[in-house]
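Chemist: If you read the sequences in order, they're chains X and G.
Each residue of the first sequence is one higher than the one before, starting from 1 at the first, in my numbering.
Each residue of the second sequence is one higher than the one before, starting from 1001 at the first, in my numbering.
Only true hints are included.
From the structure, some residues in chain X lie toward chain G, with a derived Cβ separation under 8 Å: (1) GLY76; (2) HIS79; (3) SER81; (4) ASN247; (5) HIS248; (6) TYR262; (7) ASP267; (8) ASP357; (9) VAL374; (10) ARG383; (11) ARG387; (12) SER395.
In silico PhoX-like links for lysine-lysine, alpha-carbon gap of 25 Å or less: (13) X:LYS345 / X:LYS380; (14) X:LYS84 / G:LYS1178; (15) X:LYS380 / G:LYS1178; (16) X:LYS84 / X:LYS380; (17) X:LYS380 / G:LYS1100; (18) X:LYS345 / X:LYS330; (19) X:LYS84 / G:LYS1100; (20) G:LYS1100 / G:LYS1178; (21) X:LYS70 / G:LYS1138.
These are calculated hints, taken from the structure and not from any lab test.
Yeah, the Cβ is synthetic: ideal placement off N, Cα and C, and Gly gets one too.
For reference, the chains in residue letters:
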Amino acid sequence: MATKTLEYGVSRTPEMGPGGVLVASPTDPFDAPEPELGSETMLVNVGPQHPATHGVLRLVVELDGETVVKVVPRIGYLHSSFEKLGEYRSWNQIVPLTDRMDYLAPLIYNCAYVMAVEKLMGIEVTDRCRVTRVICMEMDRIFSHLLWLGTWSIDVGAFTPFLYAFQQREKVYKLHEALTGARITTSATRIGGMMADLPEGWTRGVRDFVNHLPATLDEIDGLLKHNAIHIGRAQGIGAISAEEAVNHGLTGANLRASGIPYDVRKDRPYYGYDNYDFEVPIGCHGDCYDRYLVRMEEMRQSIRILHQALDGLPGGPMDLDDPRVTLPSKTDCMSDMESMIHHFKLVTEGIPAPAEDCWFSVEGSKGELGMYVVGDGGPKPVRWRIRPPSFVNLSAIPALAEGHLMADLIVINASLDIVLGEIDR
Amino acid sequence: MTDGSPVDFGWVAEGVRPTAEAASPSAAEEGVPPGNPSVTALREHFLGDIFRNEVCAGDQDVVYVNPGRIVEILGWLHREPDQQYDHLADLTAVDYGGGKPLEVVYQLWSIPRRSALRVKCELPLSGLEIETVTGIWKGADWLEREVYDLFGVRFRGHPDLRRILMPENYAEGHPLRKDFPMRGRFSRAEQTRRALTQDPEDDYIPGEIAERVPQTAAAGPTATSGDVVGAAREAAAADGGGEVS
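Isolated chain G, as found in the complex:
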């Protein structure tokens, strides 16, 4: 800076550009040959259900797939001998705001093949629902609960879809959505009032276990959490116990 060499001020007007060429936006367009052969295999096997693919951050392959067939696609990637994506590294969602569709992101890693793949599903804000992948990876259980809690995406067939980080009686919505203000929807006064009037017993009654025990036996895998409680109560009543309610 102080050696007197001419300084290029172009960036002041243009904004800063990333230093590496790989991050240029043109590389993200469709038609770029993917580095990961799984992308080509997916396109051959699932044809129109693979919407598009791109390469992000230089060498990371991203595939956008049809949300309606997510379980088939991920199940195929999991069990196919040429794919073997046995490690679900992460499952999360991204809300871009401005009414854009919400993305559910599956970060896959194949331990035997040492290969990574990112699978994305775009869900319209009016229909935030997708099939669960807990049948493929048990580790998806809590990750899906977190996405449900913070984004409001409902995972059909999830065995226990409840809030996980926020309290169960949290009424302000789903905090990581872009339309959720950082300080919450309620006023400070209302938040304080709710905190003070909360009955600590609500959180400490261990009824959830009693309700959960018959749940797996009585309710089918497609029942939502609200139905599960009802089904469990009915099952308990049918047994003649009636203790659950």
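Next comes chain X alone, as it looks inside the complex:
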């Protein structure tokens, strides 16, 4: 019986050169002459409910064969009008709105918001509060990057790192719960301080988490870094040059992967970040693989910052000792006349802010997280604007994905690390 051996024109496994460098990508063009298939393009709708869109994101994609000709992102499915709601609330009442935007790093949003309002009001918080907020923000940077790492690895075809990453995330959930009583909607900050002082043994829990994390990161890195499938799917995909990245407004790891060392913690230091010893990782190709490398290194740098912050956590009061800003203790309220008056005034009237505006941005987990607050002398904002990093990062996806394959579009979307809660707000 005669047989015919079918040979693949393209090897499914990328050939590896010395040092794990990719020589040929599995998406190399097929050598055989292209058959005449006509020139009609096809429209494919991705989302809004699709696991690979990382939220309720809809992408309308025009395909020529498997090549993406055009991407039109459609957002707004999760729009909750937080900015409008904020105009009807006093400054402290807005805090619970903030963590619902980036539920992957709620403490960064909590901190960024109150830091902007404190800057507007000219309030300086206590040293203990500053270091506590640094710990909170760095912990949630890792928290958010771990989720990105898990979903990213699923999108490139690996399942195990997802489980490893979520095992570590669970520890941060527990730390959130110990600190605030909530796992995701933390609402941990207040104008002039924190919701409460750190619970007993909490810093030991953070220390335990950062001590065990590097082993997990190494393990996941070992699974992905030199993995042929991972390299084949990420290297050279979704590359953007440094000038283009800046022009598109990319920030965070997406910008640093293109080689621009713009990190708000270094360029506009707040909360003594210039005193912490850490490095800003940058990539040199600006592709998905570089974004992976940058985020992995960022987690390691955050661990360094956390160690230093935990070592330097000062004692003393957490909240500002100013009755115009901070609520008095319950005991004082019940036993002291002035405290009761302060409490009454603060709760019924709120804290007035000057009739000015203030822009304050921090290095969020997704990029530059800006808060723009405008006061009018009253206890409510005239305008409270969030500059959501994911919103601007996502707007670059047509430029990143066009010309790549449909499967690469999913990888590019995963590499941008978006969260739809803050995009739609």
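With chain X's structure known, arrange chain G on it following the hints.
Modeler: Structure of chain G alone, referenced to chain X:
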């Protein structure tokens, strides 16, 4: 509070004052020397088109400029070697209510020079229109669409000025304007009726791509979104295809 020291009750009558001196309103008046040399350079270069400047929140320089020359001014700030404001950190608008002019706010940051500048344009509520800056920063695309969607500011020359967060057939207006009630303009019953009678196909017909593809080729950069659709249809009809309509 409980140590028996005398408590100053003055603030009860006066209202609370910010703790830092920097936030006093007198610092915001014109004539205060700006901390950012770009403000002086702007005044020298654009003279009367720089209306005034102030310092907000202690150290943040704000410049009010002529909306008619916004592209020239921001373009100059972007490319001039001494300025290099290459990062458009934010673009938004503020409505103060009470018929006051609406402000369009450009938050600039220079990555090489590590310097920030806030540029503001005041637009009268009767003429909410300003030139787009998408030609300078591509990242302004969605930010301008958001301001158009939520405030109703039209950006002349924007390549694709559509609503972005609200649905395209949203008929209640622009939600972040102060005259927009928090619960919306329509009654709950009307909102429910509209939601129920909405045809889901409206949002799922991928016609927007078909209409957008010839748009860049056929329509000039100054066409508004309504004209773009018409121009695209005409272009398709001229091609003999006629599939778009």
